[in-house]
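Participant: So the chains spell out like this:
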Amino acid sequence: MRRRQTEWLVSLPTLAWLTLFVVIPTLLVFVIAFRPANPYGGIGRGWTLDTIRALATPNYLLIAWRTLWISLLTTAICLLLALPAGYTIARAPERWRNRLLLCVIIPFWTSFLVRVFAWRSLLHPEGPVKKALEAIGLVGPEATLLYHPAAVVLVMVYTFLPFTILPIYAAAEKFDFRLVEAARDLGARPFQSFRKIFLPGIRRGVVTAVLVVFIPALGSYIIPDLVGGPSGEMIGNKIAQRVFSDRNLPHASALSAVLVLAVLAPLVAVLVLQRKGKKSDIIMGEAP
Amino acid sequence: MAEFLEFRGVSKRFGTIQAVSDVSLEIKKGEFFSLLGPSGCGKTTMLRVAAGFEEPDAGRVFLDGQDITGLPPDKRKVNTIFQSYALFPHMTVRDNIAFGLAIAKRPKSEIRTEVDRMLELIRMADQAGKKPDQLSGGQKQRVAVARALINKPDVLLLDEPLAALDLKLRQKMLIELDIIHDEVGITFLYVTHDQAEAMSLSDRIAVMDNGRIEQVGAPAEIYESPRTSFVAAFIGDTNFLEGRVHDCLDRDYCRLAIAGLPEIFCFNDKVLQPGQPIYLSIRPEKIHISHDRPEEKSRRNYLPGIIEDVIYLGSNTKYWVRVGGYRIQVLRQHDRYFLDEKPLRWKDECWIWWHADDGFMLDHFRKADEGLLAVPPQSVGEPINGK
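Chain order of the listed sequences is A and B.
Numbering (our numbering) for the first sequence: 1 to 288.
Numbering (our numbering) for the second sequence: 1 to 387.
Simulated from the structure, these hints should not be mistaken for lab results.
The reader is advised that the hints may include incorrect statements.
Listed below are the simulated BS3-like cross-link pairs for lysine-lysine, each with C-alpha atoms no more than 30 Å apart in a straight line [to be verified]:
# : chain 1 : residue 1 : chain 2 : residue 2
1 : B       : Lys77     : B       : Lys130
2 : B       : Lys75     : A       : Lys174
3 : B       : Lys130    : A       : Lys174
4 : B       : Lys108    : A       : Lys196
As the structure is a computational prediction, the values presented were derived from the model and not from experiment.
Bound conformation, chain A alone:
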């Protein structure tokens, strides 16, 4: 039992940090959601359920639904692009691998905010992308690329793609590709061996990639704010509006609480699923 004690001692600082700066603030958010607002932008006395009731409006349902489908679509597109990319990088000759990985990481050299602004210029009605698409006749002169949910998805995919490629590459790099050869040898066509052997082999990388994209996507704020416009608003924008424009902290807290629960749901689902599969599985851990 000494080992147990040492483990506790070692993880104590982290635990204290997380409790102080994550668990307690999150609980505060939940608590504030049940307090009334006061006219000065603060928190009033007493308890109320009015704020929670106020969330059940068609407008919020629309925003919640949009937040969900934009996040799901972003995750799906990221996965679809990252799987072949991760596979290719992992199979590339050694000297090429690092260069390709560098290409994945290069966008991080520029500030995230600057890159989103760059997309604004690109998608602008007078911007190069619009002009180019118009020139080849894909879109009419009236079409808007900016301020549209599609623009949000596009920029979100662009932003999250490296985070998807890296865990998939990490898993694929450890994957024994002789297994794919074995599957082909036993009669599997290329896609069958990809689906039945490669995908299960890197499933933990895929799970990590999904969580790393889907959870931040749900809480997106800057991207929908800058390229989404009113028709591309997500729940993050609503939270910001409640705080900055309405100065209604309880309302913002209630929205945040819903978001926290929405984020917890897939995490718990994954945990339960992995418990079923294997006792010792860890979400972020790669195959040993």
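Since chain A is already given, all that's left is putting chain B on it; use the hints.
Facilitator: Leaving out everything else, chain B in the frame of chain A:
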């Protein structure tokens, strides 16, 4: 019987390395055929060409008369047992074995009976629910065999399947593979660098070196009459003596002049000219050794020497005997070791002799092949062919 799996002029290059150059090979139906050679000799490339993992740069591959050169692995009636076994880690033993049939969309009930039959064959019916990482090396190997055989391939390809096992298990699996081959009766193409494996299992062996085939033949043929110095040195152990043809006595025997030695009789099946340079190879176990000069008989070579080194190996003893400019390796099977009144010892004078039929002549010799021979301990500090 006609050829079943045939390589015709196959070449394959990886970057600057010519892995296989212009190899032609015919393997008969039902045969246990081995590709034997040191690592990097191109034997695994040959196997991968047969499996469809590598496309040859030149040449064709035929299976049962059909050109299969361009076919992908899944379209060939050929299955592989990989050196690493390559069992699917996320599947149970049963699902691993069933994989080929499941991919072929065979009815569930048929798959179940077939898998049960295979589990019976490899005697692992009680392990069907286990995952590969719960199995021992030998069990993994047996699952790999079952997974390949369930597809009833025309040819089973085995890529050093025993290399990952320890010695005792290897010997056991060797016998199992032999039994399985007898039972299923399909063609086996077996790749190995271990001559003992190849010798004990194969109907025929192709010895490969540097991407070429040095010799094809039955194990005894390859051992008893190697055609090149490489084959002589790689399969078993031997002594190389360099000399010239002195004269030919009749159709079967000739005499060789070897510097520092009396004339040597040797069996001859070649057309030789007197004076032509020649290399004599004589295997250590064919040479007899004793203290006293033996009674002379015809067609034998008798040489006096001094024992320079003795290595006791239990079932036999190795001697290195100085004869003229040569150190000749002699292997002697023990009879009654402790009852021997005059055991041969270091620095003893002795006689060695062998029958003319037991030596064989090579007209080509590669100096590098000497490196394949068992070398005496460093302390002796003499080159093998010290002049």
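Participant: All the hints need checking, so say for each whether the structure fits it.
Facilitator: Evaluation of the provided hints:
1. B:Lys77 - B:Lys130: With a Cα-Cα distance of about 28 Å, the restraint between B:Lys77 and B:Lys130 holds, given a limit of 30 Å.
2. B:Lys75 - A:Lys174: Holds. B:Lys75 to A:Lys174 sits at ~28 Å (cutoff 30 Å).
3. B:Lys130 - A:Lys174: 23 Å, holds
4. B:Lys108 - A:Lys196: Answer holds: B:Lys108 to A:Lys196 is near 18 Å, not above 30 Å.
Against the hints set out earlier in the document, no violation occurs for any number.
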